[in-house]
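From first to last, the protein sequence lines stand for chains A and B. In terms of this note's numbering, the first sequence opens at residue 1 and continues consecutively. In terms of this note's numbering, the second sequence opens at residue 1001 and continues consecutively.
The set of hints was computed from the structure by calculation and includes no laboratory data. For glycine and all other residues, C-beta sits at the position ideal for the given N, C-alpha and C. Errors might be hidden in some of the hints.
Partial selection, computed: residues in chain B whose CB lies under 7 Å from chain A [claimed, not checked]:
hint	residue
1	VAL1047
2	TYR1061
3	ILE1130
4	TRP1143
5	ASN1146
Derived Cβ-Cβ restraints for the label pairs, each shown as a range [unchecked claim]:
hint	chain 1	residue 1	chain 2	residue 2	range
6	B	GLU1122	A	ARG54	14 to 24 Å
7	A	GLU37	B	ASP1046	46 to 56 Å
8	A	TYR34	B	ALA1057	28 to 38 Å
9	A	TYR34	B	ASN1008	28 to 38 Å
10	A	THR16	B	HIS1109	32 to 42 Å
11	B	GLU1118	A	PRO73	13 to 23 Å
12	B	ALA1032	A	GLN63	26 to 36 Å
13	B	HIS1070	A	GLU37	17 to 27 Å
Here is what each chain is made of, one letter per residue.
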Amino acid sequence: MAIEILFFGSLTDATTVGRLIVEDVTDTDQLKTYLMERYPALCSARYFVAVNQRMIQQTESLQPGDIVALMPPFSGG
Amino acid sequence: MKEHKVKNIFMEGPIPAQKIAEDIQKHATQTAIGAHSIFLGQVRADVKETGSVTAIAYTAYTEMALEKMHEIRESLFAKYPLTCMHVYHSLGAVLAGEICLYVFVSSPHRKAAIDACEELVEAIKFQLPIWGKEILNNQATAWKENK
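Isolated chain A, as found in the complex (with noise of 0.2 Å):
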């Protein structure tokens, strides 16, 4: 089941890639797991969660097609 994981602001830094395609993740705990063990430096970072652009406070289960965004804390203005 394929999740598009989307990363933006000073997470590209430790991730060089904005967009990713993950397989076999069903739920964002597990994914972040996977995501630290494949980009280390995400280990340190501070990041907000999105799935389908509405951010979660805890661990949700994924559907194939579900879009998780990694944000760190907003600096527009």
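Take the given structure of chain A and dock chain B to it, following the hints.
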């Protein structure tokens, strides 16, 4: 499929001063308006230990930012008697001294225009997924933080 109409707020590069004058002129036909409150955000040449800021390069999660902006807009229209509200935010590089955020709020009376404008600017800075990367004069970069 979402039914509401989501307005774009993003502009590539700086917001030209000319646009602000033109927008004021455009509102001359709307004679129920008694007050415009305008906020302009300008890129500041902050001096840091590692160099001074020459520009900020903005990126955003545009789809989410526009949806969130729509919610903010609806809530402010519900809270204040506003005639109209226009928001523009830059994407890409904006040099120090140039305008990166332009907010224009109109109402029959000043209090609503001023209060809504202030609330809107705070919401934009803290609720919209937009990021600024400061470009320093020695080619180094630093991610901006909102205070």
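Handout entry: Hint numbers not upheld by this structure, sorted from lowest to highest
Key = Going through the list in order, the structure violates hints 1, 7, 10, 12, 13 and respects the others.
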